[in-house]
Amino acid sequence: MSILEATELRTDRDAVVRLDSVSKQYGSGSNALLALDKVSLTVAKGEFVCLLGASGCGKSTLLSLVAGLDEISGGTLDIGGRQVVADCTAAKQGPGRHDKSVAVSLMFQEAALFPWLSVAGNVELPMRLRGVSRTERKQRAQELLEVVRLKDFGHKRPHELSGGMRQRVALARSLAQNADILLMDEPFGALDAMTRDILHDELERVWREQELTILFVTHNVREAVRLGDRVILLSSRPGRVIEDFPITHERPRRIDSPEVSGQAAEITDRLRAEVARHAS
Amino acid sequence: MQAELPTDTRTESDRAADRVTGLDALELGPAKQKGALGRRIWRSAWPKLLAIAIVILGWQAVVWSQWKPEYVLPGPVTVFSELGSLTTDADFWDGVTLTMIRAITGFGLAVLIGTIVGAAVSRFAPLRAAIGSLITGLQTMPSIMWFPLAILLFQISESAIMFVVIIGAAPSVANGLISGIDYVPRTWLRVGQVLGMKGFAKYRHLILPASLPSFISGLKQGWAFSWRSLMAGELLVIVPGALSIGVRMQQARDLSEAELVISYIIVVLVIGILIDVLFNAADNALRKRWGLTGS
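Chains as they are written, first to last, in this note's numbering: chain H, 92 to 371; chain X, 3 to 297.
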């Protein structure tokens with residue numbers, strides 16, 4: 092009952108991402124693969140939502156759709172009031188046609204910084220593409236590097252930094268896009284536990300300071316519970332929403348706290364049941 | 003508890019900052035020490051010097067064995083003293099200058115043409131289907147095969163030499179660019195998409211810089227081909243009044259001056275090596291900047 096009330100409260104808030112029965116199919120005929128099957132979910136402004144699922148649940152597909160890198164095959168996708176409907180004519184417009192009033196950025200497991208640019212140059216790049224003046228973007232890049240606590244590393248080359256530092260540069264680069272919505276596809280998956288723990292704190296801080304809306308994909312249940320306002324569990328092949336867990340523990344949380352562990356165990360059980368379903 | 007002490011929360015945020023900076027410091031490790039410059043030069047130079055010494059020693063051994071008479075195969079001492087007097091002669095440097103001007107002009111034009119063709123081929127799919135494999139075919143063509151045609155087209159002239167130099171080098175340059183563009187890593191392309199790069203901006207900020215390493219190896223290979231073609235050209239196409247390295251070498255052969263012929267061989271070899279060193283330096287500098295080296 093309390094969960095129901097919470098859901099209603101959320102829909103009253105300003106939803107910046109809304110998926111309504113969104114499907115995604117790759118290929119056609121007998122080779123067709125249904126990656127997402129009628130997924131409906133909303134993300135409110137300023138919310139931190141984690142998407143969780145086993146392999147093949149279409150988590151990354153979902154992010155590509157929201158980022159506008161890929162076409163939806165069915166349903167409606169609403170990003171900051173801009174609707175994308177699946178039909179043949181819409182598909183012709185190609186990706187990246189989202190309204191510029193709501194900027195969406197996507198981060199991957201690899202920082203994917205450009206080696207021919209310095210760290211500051213990488214952060215400046217989105218502004219360069221927008222035509223921001225040189226002095227202005229230099230200053231802004233420096234500010235953003237301070238946000239991710241890398242202010243003394245602007246002149247370095249990406250390969251001179253550690254994996255965790257590179258991810259923070261990638262975060263600064265996303266912020267340089269003026270992104271309101273940040274999509275993260277297992278961004279800490281390749282990092283060691285200690286680095287990941289510290290980056291959780293950092294991401295939480297930046298999220299709050301910059302008033303971001305984050306949609307965070309992971310297969311790590313504790314990470315999802317540590318970070319999210321909500322954890323959405325997806326089924327595999329095809330991806331469907333199984334359950335939407337609100338995480339109400341007070342922040343700042345610790346990944347090894349009993350509350351986080353307890354709720355993670357509950358979600359893990361649900362996930363294990365889902366994985367077992369694919370045995371036959 | 004949270005509300006009561008603002009100073010406490012400040013310390014906590016300070017502690018968070020310390021954790022981040024501490025972790026960064028640990029992960030980066032101490033700065034690497036470079037040895038003294040002289041020492042590093044010596045370390046990279048001695049194997050090369052040793053190799054040269056071995057070659058000269060072998061050469062001397064062949065001369066000592068009297069396999070050929072001395073006037074046909076002179077020893078290193080004779081050749082190096084010849085080379086010494088040659089390099090103090092201003093007239094010799096005029097020849098080198100002429101040849102180098104030809105080489106640089108030819109290579110420069112080949113780079114220009116190769117780049118345009120390479121960019122066009124990778125940009126337009128039909129063009130690629132039409133001439134993509136032709137470019138690779140051209141690369142394997144021995145450049146000397148072009149000279150009869152070049153002489154028919156341009157007579158005995160600078161143009162005939164340039165034609166062959168360009169046709170020898172341009173395919174390598176084009177191929178370097180094409181494969182560079184083809185193998186831009188997928189993750190970078192996705193970042194380009196996320197940043198909304200399109201059309202010219204995508205080329206300017208992503209495709210071209212990303213294909214630079216492959217382009218540089220194309221340039222390096224193109225240089226090797228153009229230098230070879232030029233030497234073949236200078237021996238075959240003797241333009242009246244142009245006393246290039248090739249012409250001088252041909253004259254030395256006509257006069258049976260073996261030590262002079264060998265001297266010119268060494269000159270051509272040294273020029274080739276010096277230019278190769280330049281390309282390698284560019285390549286290494288790029289690799290270091292990009293972090294593609296092992297360390």
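No lab work stands behind these hints, which were simulated from the structure alone.
Where hints are given, some of them may not hold.
Once the Cα atoms are required to be at most 30 Å apart in a straight line, the calculated BS3-like pairs of lysine-lysine come out as [stated by the list, open to error]:
1) K204(X) <-> K222(X)
2) K242(H) <-> K222(X)
3) K222(X) <-> K247(H)
4) K50(X) <-> K70(X)
5) K242(H) <-> K290(X)
6) K247(H) <-> K70(X)
7) K50(X) <-> K229(H)
Do the hints match the structure? See the list:
1. K204(X) <-> K222(X): Given pair K204(X), K222(X) holds - Cα atoms ~26 Å apart, limit 30 Å.
2. K242(H) <-> K222(X): 39 Å, violated
3. K222(X) <-> K247(H): This hinted pair holds, its Cα atoms lying about 28 Å apart.
4. K50(X) <-> K70(X): 28 Å, holds
5. K242(H) <-> K290(X): Holds: K242(H) and K290(X) sit about 23 Å apart, inside 30 Å.
6. K247(H) <-> K70(X): Since the Cα atoms of K247(H) and K70(X) sit roughly 61 Å apart, the hinted pair is violated (cutoff 30 Å).
7. K50(X) <-> K229(H): 46 Å, violated
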